[in-house]
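Q: Sequence:
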Amino acid sequence: MLKVENLHCEIDGQPILMGLNIELIPGKIHVLMGPNGSGKSTLAKTLMGHPSYEVTQGSVELDGEDMIDAEVDEKSQKGLFMAFQYPVEVPGVHFTNFLRMAYNSRQPEGKKIPIFKFNKLVREKAELLGIEQELLDRNLNEGLSGGEKKKAEILQLAVLNPKYVILDETDSGLDLDALKIIFSGLTKLQEVNPEMSFLIITHYQRIFDYIKPDHVHIMYKGKVVQEGGMELVDQISKEGYSNFKK
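For the sequence shown, our numbering gives the first residue as 1, with consecutive numbering after it.
Derived by calculation from the structure, the hints in this document are not laboratory data. Since no wrong hints were added, every one of them can be taken at face value.
Taking lysine to aspartate or glutamate pairs in the DMTMM-like style, the calculated list, with each CA pair at most 25 angstroms apart, reads:
| no. | residue 1 | residue 2 |
| --- | --- | --- |
| 1 | K111 | D73 |
| 2 | K45 | D63 |
| 3 | K212 | E148 |
Please model the entire structure based on the sequences and the hints provided.
A: Structure below.
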């Protein structure tokens, strides 16, 4: 379980998260929604250890282990993964080579796999997700469209097979075909690894055509103010966030 308790965070002295509590249960799909400025992306970056976000109070536990002060690579090794809203281009770094290095860094000595075997693995994952094979021969996000970058993020997720996945508005800027590939792909990945848990940060209800969340969390002014199921999404569709701001 990924457990966040009474989390307070600030950036440049400005409080953003103010006593946030949330739990990610293994094998479950969690959706985090809320109005602009409520702190959703701040939560994602804080959980991953972005240096600009200072935690002033609270705790973050990953499977019972305190991770509040852990380095980013340590969090990744422990099974935490984040897909970015705006993936960064890394010119000159071959995508498949990057993935192989990331994959092998998680393997114990003697278990690292050679190039030919890894290439087979990554192509199988791309086929599972319906992602075009041509993407594998590009440099990391270099010259890719927004949709292609998001597909590359999901392919990284598929290969690295983490325990807890944070998707920070991954659906923004996607056309319908890319949206279907990415969010249908999450269901396929969970079929392969039933213990994988997702925290999907979104503004858009169109993703619910392809995934069905187990838990919906509503955030306002740095806190989770209400939790439930799809009935909260229906309420937002009809009324907006006005009733959650009280």
